[in-house]
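K.L.:
One-letter residues, chain by chain:
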Amino acid sequence: MQVHLPKIPKTFRKKSKTVSKAGLPPGTLVHIGPKKTEKQLVELIQFDQNELIETDSNNATEILEKVNPEKVNWINIDGLHNIDLIQQLGNHFHLSPLMLEDILNTEQRPKLEEYDGVLFLPMKALNTLSGNQIEYEQISFVLGSNYILSFQEKEGDLFDQLRNRISDPANRVRSKNVDYLFYRLIDTVVDNYYIVMEHIGEQIEDIEEEVYLNPTSRTMQRIQDVKKELIILRKSLYPIREAISSLLRNDYKVILPENRTFYNDVYDHIIQLIDMFETYRDLISNLMDMYMSTISNKMNEIMKVLTIISTIFIPLSFIAGVYGMNFQHMPELNWRYGYFAILGLMLTILGGMLFYFRRKKWL
Amino acid sequence: MQVHLPKIPKTFRKKSKTVSKAGLPPGTLVHIGPKKTEKQLVELIQFDQNELIETDSNNATEILEKVNPEKVNWINIDGLHNIDLIQQLGNHFHLSPLMLEDILNTEQRPKLEEYDGVLFLPMKALNTLSGNQIEYEQISFVLGSNYILSFQEKEGDLFDQLRNRISDPANRVRSKNVDYLFYRLIDTVVDNYYIVMEHIGEQIEDIEEEVYLNPTSRTMQRIQDVKKELIILRKSLYPIREAISSLLRNDYKVILPENRTFYNDVYDHIIQLIDMFETYRDLISNLMDMYMSTISNKMNEIMKVLTIISTIFIPLSFIAGVYGMNFQHMPELNWRYGYFAILGLMLTILGGMLFYFRRKKWL
Amino acid sequence: MQVHLPKIPKTFRKKSKTVSKAGLPPGTLVHIGPKKTEKQLVELIQFDQNELIETDSNNATEILEKVNPEKVNWINIDGLHNIDLIQQLGNHFHLSPLMLEDILNTEQRPKLEEYDGVLFLPMKALNTLSGNQIEYEQISFVLGSNYILSFQEKEGDLFDQLRNRISDPANRVRSKNVDYLFYRLIDTVVDNYYIVMEHIGEQIEDIEEEVYLNPTSRTMQRIQDVKKELIILRKSLYPIREAISSLLRNDYKVILPENRTFYNDVYDHIIQLIDMFETYRDLISNLMDMYMSTISNKMNEIMKVLTIISTIFIPLSFIAGVYGMNFQHMPELNWRYGYFAILGLMLTILGGMLFYFRRKKWL
Amino acid sequence: MQVHLPKIPKTFRKKSKTVSKAGLPPGTLVHIGPKKTEKQLVELIQFDQNELIETDSNNATEILEKVNPEKVNWINIDGLHNIDLIQQLGNHFHLSPLMLEDILNTEQRPKLEEYDGVLFLPMKALNTLSGNQIEYEQISFVLGSNYILSFQEKEGDLFDQLRNRISDPANRVRSKNVDYLFYRLIDTVVDNYYIVMEHIGEQIEDIEEEVYLNPTSRTMQRIQDVKKELIILRKSLYPIREAISSLLRNDYKVILPENRTFYNDVYDHIIQLIDMFETYRDLISNLMDMYMSTISNKMNEIMKVLTIISTIFIPLSFIAGVYGMNFQHMPELNWRYGYFAILGLMLTILGGMLFYFRRKKWL
Amino acid sequence: MQVHLPKIPKTFRKKSKTVSKAGLPPGTLVHIGPKKTEKQLVELIQFDQNELIETDSNNATEILEKVNPEKVNWINIDGLHNIDLIQQLGNHFHLSPLMLEDILNTEQRPKLEEYDGVLFLPMKALNTLSGNQIEYEQISFVLGSNYILSFQEKEGDLFDQLRNRISDPANRVRSKNVDYLFYRLIDTVVDNYYIVMEHIGEQIEDIEEEVYLNPTSRTMQRIQDVKKELIILRKSLYPIREAISSLLRNDYKVILPENRTFYNDVYDHIIQLIDMFETYRDLISNLMDMYMSTISNKMNEIMKVLTIISTIFIPLSFIAGVYGMNFQHMPELNWRYGYFAILGLMLTILGGMLFYFRRKKWL
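Residue numbers (my numbering), protein chains in the order written: chain A, 1 to 363; chain B, 1 to 363; chain C, 1 to 363; chain D, 1 to 363; chain E, 1 to 363.
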């Protein structure tokens with residue numbers, strides 16, 4: 001058997017870093033998790049129906065000066081290693097130290113929290129890397145009355161399409177309040193889960209074909225890999241449902257009643273994702289059963305071949321052995337047609353055996 | 001082993017299309033899913049106790065002009081690819097853009113929603129195709145105070161019997177309000193689930209007979225196919241229960257109190273379907289156990305045959321081998337009855353073996 | 001292996017008839033299920049503390065004329081195929097058409113419903129037939145302020161003991177209201193579940209003994225049969241719990257507060273039945289594990305025998321084979337004691353093997 | 001294999017007796033279950049802080065005359081077969097007939113009920129018999145405003161330690177109300193569960209050692225026996241939790257608010273017992289997995305030995321067979337060193353095989 | 001097979017001691033569990049923003065005299081065997097006897113209780129010992145309005161880091177009330193769970209590699225050991241969640257509203273730990289499946305080798321046997337090229353067999 005070493009996903013290994021904080025006093029800002037981008041850029045997108053201003057800077061002060069409470073202000077931060085910058089933003093918007101701590105902790109579980117009227121929603125964004133591995137990125141949103149802060153672990157084009165739409169003055173997002181933008185951001189993150197789900201769905205169909213046609217020990221590893229992906233995916237998916245559900249249950253001031261239905265829509269999507277998730281889990285567990293049963297069947301078939309061959313030839317060999325004995329007085333040996341009589345006996349036994357196996361449906 | 005490639009149901013493959021919307025702004029109307037009919041027909045059935053008017057048209061305006069708030073108006077649309085038409089209906093009845101979006105999304109999960117007093121209920125209708133495959137069709141209902149819109153993915157005769165009954169002036173539906181017709185439509189869809197359930201029940205009985213009489217690797221595939229059908233069926237069944245249950249819990253204005261008991265009746269049917277579903281799931285899982293145990297038993301039996309034959313003949317062959325040796329000095333070879341003595345010894349061993357196997361209940 | 005075809009219980013097959021109603025308008029009275037009795041008899045038992053009048057008739061009018069609101073009136077109907085008669089009763093007592101429909105549907109799930117102060121409780125009564133099969137009978141009760149209707153699928157002696165007690169003027173039932181009789185009827189049906197449970201319990205003990213002493217492939221079938229019985233039983237048991245629990249939670253006018261504790265008692269019995277049910281389910285699943293492990297052990301044992309025999313004799317046969325070769329120059333063949341030396345070698349190998357197996361604890 | 005018949009616990013067999021009541025009118029007092037003691041003794045322990053009076057008698061009237069509402073009266077009845085006596089007690093304290101019925105039914109599920117201010121709590125007391133079997137005893141408590149009745153199936157020393165403490169005037173129980181004694185009685189019964197749990201825990205550790213060191217088919221039977229014990233134990237444990245939890249939730253007059261915390265303590269113990277129960281269930285299920293995997297490993301090992309021996313010697317025997325053929329013209333037979341060449345060839349094949357097995361890590 | 005005896009963790013053995021209390025009256029103070037430290041030290045850390053006083057003593061009276069209600073008083077007790085000392089503390093702070101009992105019971109389940117405004121929180125602290133074993137230590141906290149008592153089973157450095165921070169006058173803990181210190185203590189205990197979780201995570205990755213590369217029977221034991229650790233861990237983890245959740249739900253006076261968010265943070269950590277726990281449980285169960293499937297595959301492979309060798313050589317040996325017979329009249333033996341013809345036939349059969357196996361993909 002050629003043993004091949006699978007790519008052990010390191011995704012759930014990241015937790016080890018969490019430990020490095022044990023013992024530190026709460027409120028100490030430490031970036032937990034690997035540094036995923038070099039530069040840390042702050043980007044302000046400020047707009048109302050008439051005007052759109054985009055500012056990029058490495059200097060938080062510059063950005064913060066431009067924040068205009070009359071408009072929608074979306075501040076996007078790529079990279080989490082510049083702790084001073086995040087502290088500066090926290091001070092400016094009076095964010096709780098515990099919130100800042102959670103923003104920096106890339107192991108943070110998705111949840112929804114309110115601190116003095118400010119909503120805090122850390123989520124996981126997904127990416128499918130080449131090689132079937134899912135990459136998880138921590139994205140935290142902070143929603144105030146007229147601003148949104150979004151913190152991404154990595155630079156990325158996750159929100160590029162959304163930026164394009166904002167630049168279109170006719171787009172609904174331009175005429176709406178900041179909470180509508182908040183919805184659009186969440187929706188963008190959730191929509192990415194569909195791509196990963198789709199990818200897993202394709203893997204399952206692939207594996208299914210493999211199980212039916214040519215199951216090998218590699219098939220089992222693929223099944224296990226998908227199961228593991230689903231185990232890890234569940235850790236992101238279910239907490240997001242809780243978070244959005246709590247958003248729907250509570251009357252947060254920063255969410256306008258007229259925009260409620262949009263969040264209902266996001267909730268619907270998450271329920272659908274969870275449905276898909278559970279369907280996949282059941283399908284993969286069926287495939288597992290199927291694989292095990294196929295292996296059993298193969299074993300049975302191998303045993304059958306061995307048994308048929310042995311059962312036919314072992315008695316025949318015995319007969320040949322008997323007449324290979326060197327006793328001086330073995331009357332059959334001297335018969336004229338002894339040899340042919342014995343060959344005939346062997347053929348009869350062979351026929352009987354074959355008939356027996358056929359009746360047993362082994363042949 | 002003759003490997004035969006099963007029909008991999010593509011039902012859960014449709015989800016892939018959902019992805020094509022990721023990135024589009026919410027509210028953009030896109031038909032998600034395969035186009036299942038060529039023409040898109042609008043049909044108005046308008047009635048009260050005295051009069052029944054049926055109008056078919058490709059022209060929504062023509063239909064909409066005829067809508068009469070004094071009567072029951074049922075507008076049925078076959079096919080979802082004509083987005084303009086659906087937009088036109090949406091505008092006329094002031095439907096929410098999110099609702100229109102869900103109507104077009106054939107991956108939409110069943111649910112019940114109220115938008116400004118209008119009830120929206122997307123469901124899945126089932127059909128059993130030849131070849132044991134279940135076909136899912138998205139059917140969405142919109143219930144206003146005096147109209148029902150029904151959107152079907154495909155042309156079909158699902159509601160033909162209902163149309164016949166409406167044409168009978170003595171039928172209860174003619175003397176009742178639009179919410180009674182709504183109940184009748186839902187009931188018709190739910191009744192179709194019984195046919196599919198029945199079909200699955202028959203498959204299970206078939207498989208059961210196969211498992212008991214002659215289990216092959218094809219049996220395992222049939223078991224897995226039914227399990228998969230049930231997994232997919234669950235995705236339609238449980239959300240419908242939720243939807244109807246939420247309809248019963250809430251006092252929607254469009255449902256008259258006097259017609260409540262009818263919805264209770266539908267709810268009963270769904271609970272019964274879910275009971276059947278769970279019974280089938282348990283039965284199929286029993287069959288799986290039974291199959292695995294039968295395979296084990298067969299294996300045992302094969303091993304027994306091999307073991308009995310080998311255990312009897314290997315020692316006998318050894319004895320024959322001993323007296324086939326060519327040593328010059330082997331006293332037994334020269335005995336007068338050496339040959340017969342050895343044959344006797346062999347018979348004794350044979351008898352002893354058979355006795356041993358009988359005592360072990362292997363024979 | 002002698003394959004024997006088990007009695008496939010047709011109990012869950014009955015559902016097929018349900019389908020025959022799909023498409024019919026709700027409220028159409030159709031008897032769903034096999035006709036289980038030929039004659040359809042109506043029987044009125046009317047009593048108060050002083051007097052008891054029993055009337056049997058095939059004529060509903062005759063019976064209905066005798067109904068006396070001052071007394072307890074129990075009308076028992078055997079057989080469900082005479083739809084006119086049931087319609088007549090329905091009209092007289094102003095029963096809802098949906099209720100009549102459910103009475104005729106022998107696939108009806110147990111439930112409790114109130115229609116205008118009238119309680120409706122369809123249940124399943126059980127019987128153990130010879131041959132270990134459970135027979136299900138639909139029994140529906142209708143409780144009004146001074147009457148009870150009971151509809152049985154079949155003639156039967158289920159309530160005979162109760163009739164005897166009613167005929168005793170000193171019996172509590174004679175001095176109580178109609179809701180006490182209702183309790184007694186339910187209690188009689190529930191008590192019959194104990195007999196079936198008992199029967200299943202005995203089967204489980206039987207199977208247990210078989211698994212420990214002599215498991216065969218028939219044992220597996222018996223285990224599966226009991227599992228299937230439990231699956232079907234659950235469909236009756238849990239809904240009855242729901243029904244009685246809903247009866248306890250709600251203040252129905254037809255149940256006098258003073259008789260509440262009796263219903264509590266019935267509820268207790270059902271909870272106990274469900275406890276027994278769950279215990280049996282766990283026990284049977286243990287037996288299944290035990291069976292599978294026993295089969296594995298037997299397989300191991302068979303393999304051991306094969307391995308020991310083969311491992312001992314194959315090398316010995318090889319040695320015999322070597323000295324059976326016909327080379328002209330094989331010095332050993334000419335040794336005086338070559339033969340005995342080789343026999344000694346063989347004995348040594350045999351001893352070594354036996355020692356090895358003993359150390360491995362295979363012997 | 002030496003099959004040994006396990007002691008099939010008859011504990012869950014007792015239910016059969018329940019059936020003997022089916023058909024009897026409710027309220028008929030029948031003792032259900034085996035008679036576990038010959039004499040039925042009534043014992044009154046009456047005390048306040050100053051005085052303690054103990055009276056034993058076979059005559060209930062004598063006892064009941066002595067009951068003093070000013071003091072704590074604990075009446076303990078051993079044995080349930082004297083129905084008249086229990087009826088007499090029931091009449092004196094105005095107990096509901098349904099309660100008396102439950103007291104006599106030793107299959108009664110633990111529960112808490114209130115009848116007119118009187119609390120009724122039937123429980124199961126456990127004993128570990130020699131031979132690893134758990135014995136269940138029905139103990140029912142009735143708590144009135146100034147008396148406790150305790151009904152035990154058997155004479156026993158369960159409450160002996162408690163009697164000793166009561167006889168100590170300094171003990172808290174002497175200065176407290178009757179509800180504190182009630183707590184002490186329940187606590188005593190619950191404490192006995194720890195002993196049984198402990199016993200099961202020891203069995204699990206034993207089995208664990210056996211599974212690791214020397215698993216036999218007897219190990220599997222021990223695992224199954226413990227699983228069965230746990231299944232039956234659950235039937236007692238969970239209902240007691242419900243009963244005590246309902247006692248905590250409701251404000252029963254007979255429980256003084258100041259003594260509430262004591263019942264909290266009992267509840268804590270039961271939760272801890274349930275924790276232990278669930279831990280044991282998981283551990284035993286792990287052991288089962290471990291056992292099955294060990295059996296698989298053994299099988300693998302046996303197969304390996306067989307395969308190595310067969311694979312080495314079958315080809316060698318074939319070669320020997322070839323040169324045992326009696327053809328007249330076989331050139332090798334006449335070679336001077338033919339025999340040694342062939343022996344050399346055989347050694348080479350042997351070496352190759354061993355090398356192959358070593359590379360496969362089979363050796 | 002070399003059987004090696006695993007270290008059977010004795011962790012869940014401790015329960016046996018609990019039993020030693022059965023029968024004792026509640027409220028009797030007994031130390032349950034092994035004595036884990038020799039000396040029992042009382043330590044008072046008293047501080048406000050300005051001042052910090054640390055006192056160590058073996059004399060409780062000395063410590064209690066120094067308690068100052070104006071400051072934060074943290075009394076830490078190492079070791080639980082000095083019952084008098086604990087009784088003395090209990091008297092001074094008016095602690096309930098049931099609480100003292102629970103403090104001494106090292107088997108106590110984590111819970112949160114309030115006795116007269118005093119919060120009582122027994123928890124389990126974890127340590128990973130060398131040799132992969134988790135050590136559990138009972139730590140109980142008592143929170144009054146101005147004091148915290150912490151009871152540890154063992155001396156240890158669990159709170160050393162916290163002591164350091166308290167000694168820093170600038171640290172937040174110095175400016176906050178006693179309930180903030182309470183939070184810091186709980187947080188320290190909870191943070192230690194991460195280290196154990198991390199350790200288990202590493203073990204799982206190790207085992208994963210072992211399963212993929214070289215699964216042996218030791219791998220199965222490692223899997224079982226981790227499963228057992230998780231089973232025991234669950235007993236600590238879930239009750240702590242309940243305790244903190246109940247702390248959040250109730251408005252305890254001793255917790256200032258301003259410090260609520262800190263407890264929210266602890267709750268978050270516990271939820272995250274439970275997420276990790278559940279992920280690990282699923283991963284380990286996947287590994288188990290993987291292991292079992294690998295074992296099956298190995299078995300298959302072994303069987304294949306055996307079958308191929310036997311199937312090829314058994315028929316060939318038979319042919320050799322036929323021509324080793326000693327019949328006088330066997331025409332083939334006298335053919336000139338008989339021997340070579342037979343060798344050719346054997347080669348043909350060999351080739352056919354190899355072709356057959358290749359087509360079956362066995363080679």
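Just so you know, these hints were derived from the structure itself, not from any lab.
These numbers were taken from a predicted model, which means no experiment stands behind them.
Keep in mind that a hint or two might mislead.
Copies of one chain are not kept apart here, so a pair can be met inside one copy or by any two copies together.
Derived lysine-lysine pairs resembling BS3-like cross-links, with alpha carbons at most 27 Å apart [claimed, not checked]:
| hint | residue 1 | residue 2 |
| --- | --- | --- |
| 1 | K71 | K304 |
| 2 | K360 | K235 |
| 3 | K66 | K111 |
| 4 | K176 | K253 |
| 5 | K66 | K235 |
| 6 | K304 | K235 |
| 7 | K66 | K253 |
| 8 | K154 | K361 |
| 9 | K361 | K304 |
| 10 | K176 | K71 |
| 11 | K361 | K176 |
| 12 | K154 | K235 |
| 13 | K361 | K71 |
| 14 | K304 | K66 |
| 15 | K361 | K66 |
| 16 | K71 | K235 |
| 17 | K361 | K253 |
| 18 | K176 | K235 |
K.L.:
Which of the numbered hints are not met once you compare them with the structure shown?
P.N.:
1, 2, 3, 5, 6, 8, 11, 13, 14, 15, 16, 17, 18
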